[in-house]
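Chains as they are written, first to last, in the UniProt record's numbering: chain A, 1 to 535; chain B, 1 to 211; chain C, 1 to 112; chain D, 1 to 637.
Certain hints may be false.
[Claimed, not checked] Covered by chain C, per the in silico footprint, the following chain B stretches (three or more residues, Cβ under 8 Å): (1) 7 to 13; (2) 26 to 33; (3) 37 to 43; (4) 51 to 58; (5) 67 to 77; (6) 93 to 102; (7) 138 to 150.
Since the hints were derived computationally from the structure, they do not count as laboratory data. Please read these numbers as outputs of a predicted model, since none were measured by experiment. Backbone N, C-alpha and C define an ideal beta-carbon position, used for all residues, glycine too.
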Amino acid sequence: MKGLTIDYATLLPALVPVAGLVLVLVADLVNPRLRQLPYAIAGVAALGAAVATVPGLALGGGSTRETFCLAGGTSTRGALPSVEGLPQRCLWQADALGSTLQLAAAVAAVVCIALAWPRTRRRRPDDSTREPVEAVLLLAALAGTVVVAASRDVGTWLVALELATLPVIALVALSGRRSAVAGATQLLVTSLVSFALLVLGVALWFAGTGSPFLTPDAALSSGGAFAAAPGTASVAISQASTPVVFPSVSGGVVALATVLIVAGVGFKLSLVPFHAWTPTAYAGSSVPVATFLATVSKVAALAALLVVLRAVAVLGTPAVLSIALLASLSMTLGNVMALRQDDVVRLLAWSTVAQAGWVVLPLVSISALGVGASATYLLTYVVATLVAFSVVAVTLRDRPGRGRSITDYDGLWQRSPWRAGALVLALTSLAGLPPGVIGLVGKITALRPVVAEGWVWLAVVAAVNAVLGVAVYLRWLRAVITERVPEAGPTAGGEDHAVAATTGRRPVVVAGLVLASAVLVVVSVQPDLLLRLLG
Amino acid sequence: MTTRDIVFVAVGAVTALSALLSVTTKHVVHAALWLLVSLGSLAGAYLVLGQELVGLVQLLVYVGAIVVLVLFALMLTRAPIGPHAEIDTPRWQRVAGAVLGGATTALLASLLLPLFAGATADLDRPSTTTPQIAQAIFGTWVWPFELLSVLLLVALVGAFAVSRIVLQRDGADRHDADHPDHPDHHDSHDDGDRTAATTAVTSEPGTGRVG
Amino acid sequence: MIHLSLPAALAALLAGLGVYGVLARRNAVLVLIGVELILNAANLLLVTAGSRPGAPLSAGPVITLFVITIAAAEITVALAIILVMFRRTGHIDLTAVPDLSDEPEPAGEGAP
Amino acid sequence: MSWIVRMIVVLPALAALIGLLARRRRAVAAGVAVSVSAYVAVLGLIQWVAPSRSADIDTIGGLPLGDLSVPLHLLSDRVSGLVSFVVALVVLGIQVFTVWYLRDDARYGQFAATVSLFATGMLLLVQSGDLVLMLVGWEIMGWCSWLLIGHDSERAAARRAAYKAFLVTRVADIGMVVGIVALSVRARSTDLMAVLTATGDGTLLTVGLVGVVIGVAGKSGLVPFHDWLPDAMEGPTPASALIHAATMVAAGTYVIARLFTLYAENDTARTLLAVLAAVTMVYAALLALAQTDLKRMLAYSTLSQIAIMLSALAAAPAELGPGAGISHLLGHAFFKALLFLGAGWLSVLAGGTAIVALRGRLRPTGALRWSMGIGLAALAGVPPLVGFFTKDTVIDAALEGATGGGGLRAWLVVVALFVTVVLTAAYCTRAWLLLDTPVAATGELPDTAPAVVAEEDVAVVTTADSADDAEVERVHAHGHATITLSAALVVSVLAALTVVGTLFLASLRGGVHVGLLSALLSLLLLAGGAYAVWFLSDRGRVDVAERIPGRVREPAVRGFGVDTAYVAVGRAVTTVARLVVALDRDVVDAYPRGTAVVARAAGRAGERGHRGVPSLSLLSLLVGVVLVAVLGVTAWR
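Okay, chain A solo, but in the shape it has when bound (with noise of 0.2 Å):
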C-alpha cells in the first residue's frame, strides 16, 4: 500500500519469537522425540529478542523507532493536510519506555524458559506434547508483549494483547492437574468478560475520536480541537481526500473508554476487583508459568495500559479517582490476604495482587511523571518477582513436592546461603527495605506523583500499606534466616537424598536464577538503570 514502509530491523524484537516458535513446530514435526530441543529455541528466540531491543533502549527524548508508518514518503508527505502538525501516524512506535518494558519481558521470558527446562534428557514419549506446546505458548505470549507495548493503533493493540493472554491460559492448563483447571477456568472467564469488555472500550474510543490510533492528537480531538473549530480542524489520513466533520463529542465517551480499558486490562495487572483469578491460577499452574504470569503477562498488561494512558495524558486530566480506589483496594486486600497464605506461590499471587497496585498508584496523575513512575515501580516488581520465583522453583527441583509452604524456607540460609542471599533480596525489594534499595527506590518514585497531586489520602493507603507489606515478606524471611528445626527423622532425610539425586540436574534452571539475580544486584546497586525511564 502506498506509504506503508516497513522496517523489518525494527520490528525484529517481535519477529524473533515468532520465527522461534515457527521453528519450534517445524523442529517438532521433524524430530517429536526430543526433549530440550524445543526450550533450547525458545530460550534462543528470547534472548534475540532481547537483544533485538537493545537499540531502542538508547532512544533518547521523544524519538521513536519506527515503522509501518502510513505517512512516510516524500510524495505523500506533501499531500497530508498538516492538522496542528500531526505526527505522522505508525503501527509500530517504540521509544526508551516501550523497548524498556520489551526488553524486560524478553529477559523474564528467558528466565521463565530456563525454569521451565525439562528435568531429564530422556526422550519424550510419542503421544507427549507437553515441551513444544509450552514453548510455543511461552513465544507467543512474549511477541504479543512485545507488540503490544509498541503498539500505536487499537487493531494491533488488540491483537496483541490477545496474543499475551491467550497463550498463557492454555499454559495454565496444560499442567492438567485438577487445581490447574480450576484456575485455567477462572483465569478463562475472567480473560473473557475482560476482554469483550476491552473491546467495547475500544469501540468507544473509536466512536469517540474517531480515529483508530491511540494517540494523543486522537485523544484531542475528542475534546477541545473539534469543538473549538469544527470547519478547520479534520482528521484527513491520505485515502480520505474528502475533509470531513466528526460531530464534536463529550469527552464522557473517551473518559468511559478510557476507564474501560483500564478495566480490561486490569484483570491482566490482577487488580481488585478482577483480581480473583490470581491466586488460583499461581497455585495451579506449574511455577515457570506462575511466573510467567507474574513478569512477562504484567509487562504486557502494564505496556497496554501506558499505550492508552499516555495517549489520553495530553487531555490534561490531572487524576483519574477510579486509578486511585483500584490502587487502594489492591494493595490492601493483596497485603491482607498474602499475610495469611502458607503456600509461597500463593504468597507470591497476593503480593502481586498488592504490587499491582503499587504500579497502577502513580497513574492517578496521567502525566509523564506518573507514567514513568509506574513503568519504574513494574521493572523493579517484576525483577525481583523474577528472583523470588527462581528460588522457589531451584528448590522445588532440588525436593520435589518440598518448597511449596514457608516452612519448607526454614533454614535456607544454612543450607544454601547464595540461594537464600537471592531470595532475601528479592523479598527485601518487594517489601522495600534495603538492602532491596531498588524496591525502596521503586516506592518512592511510586509515591512521587501521587504527593504531586496532592493525594493524601492515597498516599497515606500507600504508606500504610507499605508497612503491611513489610509484615508479609518478613513471615517468609523470618523462615529464610531462622534455624531449621531438626528433620522428622533420619529416613525422611534419605528420602530426600535420594529424590535429589534423581533430579539433580538443574544446571539451567540455576542459571536461569544467576541472570534472574544479576540483574536485580545490577539495578540494586545501579537505580540510575531504571530511574532513567522517568527521564
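With chain A held as given, fit chains B, C and D onto it using these hints.
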C-alpha cells in the same frame, strides 16, 4: 425516519429479542440456538448498515463456526435436553446481573445517544466499500492481520494440546490403575453418573485424538 | 440514509444483555454466550462508528473483522478448557467451589 | 605551651587504653600507669609554674551545630594548672600505692586502666573551656566510679554500691544536663568565656545555675544525694582515695568555681547551694562521729569537707572570687588522700576497717602513726597544717561575705562552719584516740578481748560491719604483706605535703587569707571539741560514740535509712513506669495492634471469599467495571 431506519429497527428488534431469550431461556440448547438467531439477525443489521463484508463474515464465522462449536461443546459436556433449572445462578446473583446489565446499558446509551444524535450515514454513497476494506486489510492493517494469523495458529495449538493432555491422562490412568499420582481418578469414579460421562467421552477415540 | 443512533442504542442494549448473561448463567458454555453478546455489541458499535462519513482507513469494518477472528480464537481455547474442566471435575458449573487440593506433578515430565 | 595542656588530657586516656590492652601483663600495666601519671604530674607542674593563659586551645575542632557554637576549646590558666597538678600528683600517689595494695588482685590491670581513665575525666573537666567537654569529663568520671566501686564485682554489696552510686549521681546529672543546656542556649554557645560574659534571659540563667547546683549536689554528695558516698567505700581503698581526694566529689566545686562570676550575681542558686552545704556539713560531721568503721567515718568527713568548700563558694563575696573554695579543695586533696591511703595501709595490717578491729593498731607502726596523726590533725584544722589555713580561709571568706551584705545566707554558712569545726575536731580526736590508745588500756571493755585480736575474730567482727570486706578476704588469703618502700614513701610524701601544702596555695589569688579573729575563734572551738571528746572518752579508753544512746546510734550508722528512702523512690519510679507501660500497651498501642488484628480478620474473611469460584470472580469483575465506569464518567473532569 427513512426506510433503512425502519428495516434496521425491525432487524434490531429481532436481534435484541433473541439475545434476551438466549440469556434467559431454561433450555441449554435453546440458548445456543437463540444466540444463532441473534447473531444471524445482527449480520442482517450489518447489511442494513451497508457493511456487506462484515455481515458475511459474521454469518460465516459466528453463525457457521462459533455457534456450532458452542453447540458441540454443549453436547460434549452432556447438556441436558429440555428445561433445566440448574443452568441459572442463584437469584441474588441474577438480580445483581440484571442491575449491572441495566447499568451498562444505561451508561452506554446515555453517552452514545448524544454522540450519535442526528448523525446519519449516507449509504447510497458508502464511504467504505468491500474493495477498500480488502485493500485496507492487506495494506494499512497488514501488521495486525499477520499477528492475527499467529494468534489463530497459537490458539489452535494451545486448544489441541490442552484437550489432548487430559485425554492422555485419562488413558494413562486406565493403563496402569495402581499409579499413585492420581487420586482424582478414583474421585471421579466415586460419584456415579459422572463416571458414566467420563467413560462415555473417553471411549470416543475420535473426539480426543482429532488434531 | 440511516440514523446512527439506532445501531448505537442496539449496541448498548446488547452489551447490557451480555452482562446479564454472564452473571445469570452457571453453565460455562452459556457464560460464553454472554461474552459473545458483549463482543457483538462492541462490533456493532465499531461498524456504526465506521460508517460515519469520512471514517479513516476503513478502520471500523476492519477492526470488526479482527475482533470476530479473535473471538473465534478465544472460543477455541475456551471450549478446550471447558472440555478439560468437564473431564476433570464432571461438571461445568461455574458457581461450584472447585477442588484445589494439590496433587503431585502429573506424569508428563520425568517420573515414569 | 598548648600541647602540654592537650597532652595532660590525652596521655591518661592513652594510658588507659594501653593498660586495658596489656591488662594481663601486670608489670606492663603497672609501668604504664605509674610512668604516665608521673609524666602527667610533671606536665601539670609545668602548666602551673609557667601558665599559658589561653582560652582557645583547639581539640577536635568545633561541632557544626548551626546556630549554636560549640568550639570545644580547652582553657588554661593558673587555677587549672594548679588543680591539674594536684590531681595528677594524687593520681600518681594512688597509682604507686595501688601497685602494692592490689598486689594479689587478678584484675589489677583493669583497675589501673580505669584509674587512668578516671584521671582523664577529671583532667578534661579541669582543662575544659567548654561546657560540653566539661560534661564529657563529668560523665567519664560517673562511669568510671561505677567501675571502680564495683571492682570487687563478685560481692553483691560492691555491685549494689556501684549501682547506687551510678544511679544517684545519674539522677542528679539530669539537673546538670538541663543546667548546661540552659546556659548554652542563653549564650548561644557552649564556650565557657561566652557563657560567662553572656547577657540576657535571667530566668534561663537561674535555671542553668540551679541545674548545675543539683548536678553538683549529686556528684559531691550533698543532702539529699549524700548516701551513695559512704556506700562507695565498698570499692578498694585506693579507689576511695581517688574518688574522695581530688577528683569526682571535688569536681563539682571546680565547676561552680569556674562559673563563680555567674553565681556571684544570682541569689537563688547561691542560697540553694548555701542551704545544701550548711545542712550537709553539720549532718555529715555528726554522722561521722557515730560511725563504727574507719572508712565510713572518712567518707562522712569527706561529705562534710566538700560542703565546706562549696559553702565558701556560696557565701564568699563576689570580689573575693572562688579562691577560698579552690584552696580548700587542694588542701583537702592532700590530707584526704593521705588519710585514705593510711587507712588502707592500716587495714592491711589489721585485716579490716572496722574500728573495733583497728583499736590501738596505730601505736606500733612508726611512720604510719605519724602520717595518720598529721592527716587527722589537718582534717581537724590544727595549725600549721594545710587544713588549718584552708579552712580558716573559708571561714574568713564566709565572714567577709556575711559582713559584706551576704545576709542570712552567709550567716547560716558561718554558723554551720563553726559548728562543723567543733564536730570535726571531735570526730578526729575520737578516731585518733581509738586508733592510738593501746588496747591494753581499754580494760573497761565489757568483753575481755584478747590483747591482739585473733584473725578469726577479726573476720567475725569485721564481716559484720566492715565496709571493705574484700580487703578482709585479701588479708585472709595472702596474709599481712609488708608494705613496699614506694607505697610507704607515697604515704610519707603525702604527709609532708599536708604539712607544707600551704605553700602551693600562695600562688592562688585569695588562696590563703586567714583572719585573726576567726582563726582564734576556730582554734578555741577546736580545742574545746577535742577536749570534750578526750574527757568523755576517759582518755581514750572508751569510745565516745558508745555514749550515744543505741537507738540513735544504730540508725546513725546506717545513715538514718536514707538508703531505704532511695529504694522507695526507685520503687515509685518503677511503679510509674509500669503504669506508663501499661498505658502505652493497652491504650496507645491498641491502635497499631488493632490494625494487625483487623488485618488478620480481614484476611480470614477474604479467604472465605477466594475459594476459586469463577462465578464470583465474574461478579466482582463486573461490579468493579460498572463502578469504575460510573466513577470515571462522573468524576472525569
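Outcome of the hint check:
{"no.": "1", "hint": "7 to 13", "verdict": "holds (count 3)"}
{"no.": "2", "hint": "26 to 33", "verdict": "holds (count 3)"}
{"no.": "3", "hint": "37 to 43", "verdict": "holds (count 3)"}
{"no.": "4", "hint": "51 to 58", "verdict": "holds (count 5)"}
{"no.": "5", "hint": "67 to 77", "verdict": "holds (count 7)"}
{"no.": "6", "hint": "93 to 102", "verdict": "holds (count 8)"}
{"no.": "7", "hint": "138 to 150", "verdict": "holds (count 5)"}
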